[in-house]
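Peer 1: Spelled out, the chains give:
There are 2 protein chains.
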Amino acid sequence: MNATAQSAFDLAVSTSAPRRPLRVALLGFGTVGQSVARILAERPELRDRLQLTHVYNRSVSRKRVDWVDGDVNWSEDLAEIFASAPDIVVEVMGGVEPAFTVVKQAMEQGASIVTANKMLLAAHGRELLKLASDRGVQLRFEASVAGGVPLIHGVREGLAGDQLTGVAGILNGTCNYILSRMAATNEDITPVLADAQRLGYAEADPTADVDGHDAAAKLVVLAGIAFKRFVNSDAIPKGSIRAVSSADFCYARRLDATIRQISEIQARDDGFYAFVGPALVPNHSSFGRNEGANNVISIYGRYGGESAFSGAGAGGPATAVAVVSDLLALTHRLHAGSEEWQPGQIVAPPARPYYLRFVVKDRPGILATIAAALARQNVNLDAVLQEPGYPKDALPFVITVEACEEQALRAALEEIGKAEWHAEPPLALPMLL
Amino acid sequence: MNATAQSAFDLAVSTSAPRRPLRVALLGFGTVGQSVARILAERPELRDRLQLTHVYNRSVSRKRVDWVDGDVNWSEDLAEIFASAPDIVVEVMGGVEPAFTVVKQAMEQGASIVTANKMLLAAHGRELLKLASDRGVQLRFEASVAGGVPLIHGVREGLAGDQLTGVAGILNGTCNYILSRMAATNEDITPVLADAQRLGYAEADPTADVDGHDAAAKLVVLAGIAFKRFVNSDAIPKGSIRAVSSADFCYARRLDATIRQISEIQARDDGFYAFVGPALVPNHSSFGRNEGANNVISIYGRYGGESAFSGAGAGGPATAVAVVSDLLALTHRLHAGSEEWQPGQIVAPPARPYYLRFVVKDRPGILATIAAALARQNVNLDAVLQEPGYPKDALPFVITVEACEEQALRAALEEIGKAEWHAEPPLALPMLL
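Protein chains in written order, with our numbering: chain A, -3 to 429; chain B, -3 to 429.
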């Protein structure tokens, strides 16, 4: 943004609208970018506040649509975008690069940024917030977590008066779709994942979703908002939902529970406990009842207790609402107070109960071996569950254990894992019951 | 606020903190006021941004506590408060007067306002927003609806990019406590209400809660935020939960439903449809599952679909979080863009199914009479339900009807109501199934 525009907006703070619309360059014309352009086109009342001037995309000619205002410049040349000195750059390209380089350059030359890119924020959020503060511009990212849910505004501003203690949620719609389908149909993950890919709910390479990387990046953003701390996404323990079988849903039902990919982070005295992965949740909890691709997030505060948010986690229109909300916030206030995320340390989880599922080649003495290994680590056995109807050479059964330290459980499982009667590696899921 | 302070904050917009803390006068030291003071006392990191200078209450000496900073002035004289020229007045006295007079005077002399007072906003919100705009101050009210839920920030800012179409929720914790207790225990409302009064969940005069006035005031605030329209609280149709009996919960269960006090408003071509009162909701919906004094609110948008919020609806600490969040927002930006709520018209509800409960002195021909009256208004009967075990002289039974216009149903019920076999007036509840 140039100096003339800046003074215009300083004056605008105390009047109802800026003197001229803010010039917006849209980088990326995929699902989200198209929906952003669509809302701007369909809401003419926003035109005196926001003017879309450029759309950037690779091979932009194949992207061109006739419902975007004829004055908009379609470009595949980033230099042209920068030369236009936009007030705001909307980054909806996704991925860490070239997004990081582009966003940095835009801020360096005075543009504020609106982004939907959680991977960028998880990788470089701290550095980008610092740069925004140094340059006196804003970096806004309501769209980066739970697109249709106004979580960032709600937490950053609406709960600013509280001291937040934790965040827990279902942050990845793909996993939730897969797990709620598995619960409903008793299928294993392979056919359900294939179906999800065919229907466009899961990507060809589903790793980022099913192995927890996508949810962990969102958790980094939420930790920044809730605690003003930047945690390392790589340091967050992640479990894959690939390990969950149809037998696990049978056993979960016996425990009046189901299985969801849960992301959680809690402030502890010595850092932050964090986790992303499949967990048992009560059937009748907000997590257990959440079906399909919806997101559900609970925020815990010292004074306000639990506040919960839910809605569409992804999808073009819902995510675009978050982008346009950030654009409108910028028309009110182009200069933010600076926000800094200090480094945050990931620490071990609190003691909690676990669900342990074994698949064994059945023989005498298995339970005695397991019980002894658990006892050596002072892990107390709670219940043993065995459903009928499985083959003797790949027999699943479940042991639930009372609240214990994760480290003790790991040690016991390592010992148990050395036995030769395993048909599959044991699975341990935390029980959030 | 005086001119010196104002220029200090214009400069402060682009730096991280204001030059001096904003001076805050707290009007009202009841449950919410005490919790506000408590958070300010327990969060010393806020002291360079917010300084509590005055606490006002009638007979203030009996309110004095030792954990509030010794520099704070305790006063029962409003003139003393005004003479101190506070930057912000926190109004948590409740009621329309003297709150209205006090808030107006404070804004006239340049103070911004943070209030938890939905009754004040429902009565004078439009006028107060106009005055705030004229005076260049802010009027903030996150605490006025669903205290622990950051709904106002979420909707006003986080969903600004959407075009909102409707709001529906459980906005009154007292009614939800009573109705969820009735569902659980099969008691009638009289003993449950008496218990709620004894436990402090309901007031000695429960009218504002059970007859829908409290929820209607909150709905007026939500309509302002969502649609920028000011609807007249008196024009919102209200049903009382006093009409709901234990028999209604039996019949609701047969319909896989339960009964909750629902508040809703929807934008229609010709105005707004609004309703506050008991309604049938599916057992497994977010409304049906909401127990105790919690609030749940769904916001519907053209682009983003449904976003839902839930949390503590009332209580000192949760409401105080909302007040302190507003205070912190003011430290970022003491001058808002002006917001105006144009008048909004209340119109008839859309056609929908209804639950009709009759209590009759049984005799032949009753069903024929009812069916004929409904048919004359083109209201189609869906099901007739009759549970065994009730006395012949006060026999409850239920008729559900297909989606119909409220006006047609009213006409039919008026005709039916003239029969001499009623043991109680008929009850009609919308079915939100």
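The set of hints was computed from the structure by calculation and includes no laboratory data. Be aware that a few hints might be false.
Note that identical chains are pooled: a pair holds if it fits in a single copy or bridges any two copies.
As the list claims (entries may be wrong) - Listed next, the in silico DMTMM-like pairs over lysine to aspartate or glutamate satisfying Cα-Cα at most 25 Å (straight line):
#  : residue 1 : residue 2
1  : LYS126    : GLU383
2  : LYS357    : GLU41
3  : LYS357    : GLU93
4  : LYS59     : GLU401
5  : LYS414    : ASP44
6  : LYS388    : GLU38
7  : LYS224    : GLU38
8  : LYS357    : GLU123
9  : LYS357    : GLU383
10 : LYS126    : ASP44
11 : LYS357    : ASP252
12 : LYS100    : ASP184
13 : LYS59     : GLU199
14 : LYS100    : GLU416
Peer 1: Are the hints correct? Go through all of them and say.
Peer 2: Evaluated hints:
1. With identical chains, the CA atoms of LYS126 and GLU383 are never at most 25 Å apart, being 55 Å at best within one copy and 68 Å at best between copies.
2. With identical chains, the CA atoms of LYS357 and GLU41 are never at most 25 Å apart, being 68 Å at best within one copy and 60 Å at best between copies.
3. In this assembly of identical chains, LYS357 and GLU93 lie within 25 Å of each other by CA distance neither inside one copy nor across copies; the values are 48 Å within and 77 Å between.
4. When the C-alpha separation of LYS59 and GLU401 is checked against a cutoff of 25 Å, the pair qualifies neither within a copy, at 53 Å, nor between copies, at 47 Å.
5. Neither within a single protomer nor between protomers do LYS414 and ASP44 lie at most 25 Å apart by alpha-carbon distance, with minima of 69 Å and 59 Å respectively.
6. Taking the shortest Cα distances, LYS388 and GLU38 never come within 25 Å of each other, neither inside one copy (63 Å) nor across copies (61 Å).
7. Only between protomers do LYS224 and GLU38 lie at most 25 Å apart by alpha-carbon distance; the minimum there is 19 Å, versus 36 Å within a single protomer.
8. In this homomeric assembly, LYS357 and GLU123 never come within 25 Å of each other (Cα to Cα): the closest approach is 52 Å inside a single copy and 76 Å across copies.
9. With identical chains, the CA atoms of LYS357 and GLU383 are at most 25 Å apart within one copy only, with a shortest distance of 15 Å there and 55 Å across copies.
10. Proximity of LYS126 to ASP44 under the C-alpha cut-off of 25 Å is restricted to the inter-copy arrangement: shortest distance 22 Å between copies versus 31 Å within a copy.
11. When the C-alpha separation of LYS357 and ASP252 is checked against a cutoff of 25 Å, the pair qualifies neither within a copy, at 27 Å, nor between copies, at 45 Å.
12. Proximity of LYS100 and ASP184 under a CA criterion of 25 Å is satisfied in neither setting, with 44 Å inside one chain copy and 64 Å between copies.
13. Proximity of LYS59 and GLU199 under a CA criterion of 25 Å is satisfied intra-copy only: 21 Å inside one chain copy versus 61 Å between copies.
14. In this assembly of identical chains, the alpha carbons of LYS100 and GLU416 never lie at most 25 Å apart, being 54 Å within a copy and 79 Å across copies at closest.
The structure does not agree with the numbered hints 1, 2, 3, 4, 5, 6, 8, 11, 12 and 14 stated previously, though it agrees with the rest.
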